[in-house]
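Protein sequence lines, in the order shown, are assigned to chains A and B. The working numbering numbers the first residue of the first sequence as 24 and each following residue consecutively. The working numbering numbers the first residue of the second sequence as 24 and each following residue consecutively.
Treat the hints loosely; a few may be bogus.
The list treats identical chains as interchangeable, and a pair is accepted whether it falls inside one copy or across any two copies.
[Stated by the list, open to error] When the alpha-carbon atoms are kept at most 27 Å apart in a straight line, the in silico DSSO-like pairs for lysine-lysine are as follows:
| hint | residue 1 | residue 2 |
| --- | --- | --- |
| 1 | Lys130 | Lys251 |
| 2 | Lys84 | Lys263 |
| 3 | Lys135 | Lys207 |
| 4 | Lys84 | Lys130 |
| 5 | Lys207 | Lys130 |
| 6 | Lys130 | Lys263 |
| 7 | Lys251 | Lys135 |
| 8 | Lys84 | Lys207 |
| 9 | Lys237 | Lys130 |
| 10 | Lys280 | Lys84 |
| 11 | Lys84 | Lys237 |
| 12 | Lys281 | Lys84 |
| 13 | Lys57 | Lys130 |
| 14 | Lys135 | Lys263 |
| 15 | Lys135 | Lys84 |
| 16 | Lys57 | Lys281 |
| 17 | Lys237 | Lys281 |
| 18 | Lys135 | Lys57 |
| 19 | Lys281 | Lys207 |
| 20 | Lys57 | Lys280 |
Derived from the structure by calculation, the hints contain no laboratory data.
2 protein chains.
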Amino acid sequence: MPLDEKWKSACIITIGNELLKGRTVNTNFTEIAKMLTDHGVEVTSGLVVMDAPESIGWAIKTALLSSDIIVTSGGLGPTFDDMTLASIGEALGIDMIENLDALEMLKARFGKMHLELTASRRKMAVFPEGSEIIPNSVGSAPGMLLNHEGRIIISLPGVPSEMRSMLASAIPRVIGHDFFYFDKSITFPGVMESQLAPFVSDIMRRPGNMAYIKSHPLQTEDKNPGIKVEVSARTDSLAKSMEIVETMLREIQEIVKKFGKSSA
Amino acid sequence: MPLDEKWKSACIITIGNELLKGRTVNTNFTEIAKMLTDHGVEVTSGLVVMDAPESIGWAIKTALLSSDIIVTSGGLGPTFDDMTLASIGEALGIDMIENLDALEMLKARFGKMHLELTASRRKMAVFPEGSEIIPNSVGSAPGMLLNHEGRIIISLPGVPSEMRSMLASAIPRVIGHDFFYFDKSITFPGVMESQLAPFVSDIMRRPGNMAYIKSHPLQTEDKNPGIKVEVSARTDSLAKSMEIVETMLREIQEIVKKFGKSSA
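Next up, chain A with everything else stripped away, as it sits in the complex (with noise of 0.2 Å):
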């Protein structure tokens, strides 16, 4: 099936010795997360890795394994621990060249502020060949775009003001055409996650459903129990997500309605 057929999986990248050592909540992570999925795009893992080439080209391999697009994030600055690209390009066999736009957009970056373009400030134009470049309008790392046997992968830096506004102008230099995602959430006070349970699974299996349902208990089941019931979809209109959701939450409303008077 062509991917533009169905929506597409992705695997997001974090990379960071920090994130490892619980210094660092991995908030990039989660806003990648919610943008990719507010776009339709289906995230189906995560690695959080080491700042260390094998570790990095470990996790590009693996991701490509499994995902139509693969976001990276951490590991593009001058330093001898930003080897994010380079790790790419020698997991994948690409060799690393001097991209001409990135070179450009350093040079103006560092000539507007009078400032030389070291070694260590150069290494931020080298590029896996074959690379397109995101600009970066925040700091001075550019981001790229690799488009690698059908595959995306767009790798960003680590600030997350540069983060975001950088995977915002990539998302529509990937994605053709939007699914739509959506979900609504009932609270139900004085059920039990165990009540539902058995008939949620019964909904799940049922052929053709088109319907997600998870629930989140709100207190431990001994004292005020309650749960929370999320509903979602991923269709292509935005119409059939919310009318399969809603159908669904009906149903389900129909059934708490049903032993919420026989419970203990």
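Place chain B on chain A using the hints.
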């Protein structure tokens, strides 16, 4: 090399579609990473996967390839999408059995609430054969501690308060002897990351170097530059880790002092 002679490596697997949709910030990952790091465990990767048996199974098999300790979070409750333990059992070819310790805990817990042990609730007592149980003093679902061919798998609930106390109780059961991680940061105002980068590269490549150096730019390079330099070490004594870090920081201070006067 036996595990005791070196520090252990870990992979953290966080499970939940809400993470991959960008609805929930993955603070569980950060908390688990911090607790493991504080006990001298080196967290080398993280995997975020969907509530689906094949995703969870893939994550476990992937983590087992490179990690001594695997910690999973999420998917231990009574609902249809709580499938972590069954997925682990299936992936590793281990039979699922009703664990008597877990069953006792659930009977006691629900009995105290005068609640029936329904099939959905009883599911929380089904574990891969050979598992030890991690009691849950906060909520219902017990956790799993499984020694699989010399590697340890710890499965915890996704509810942060439950996860936290259960991991704290599981760590001493797993880690015989702590390694000691120490790091310290110094801020250098007026220094740009790209100025220090070549010196740090040289130090990191020096044979026998036991310090890890990471610099974080404090601002973008155009205005008020400054960097925070973090040096870390992980050895078998805290004194040794501290000494390595302090010595390295003094060396970096000397370097900065030299080029401080000649900088742009």
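Against the structure shown, which of the earlier numbered hints fail to hold, in ascending order?
2, 3, 4, 5, 6, 8, 10, 12, 13, 14, 15, 16, 18 and 20
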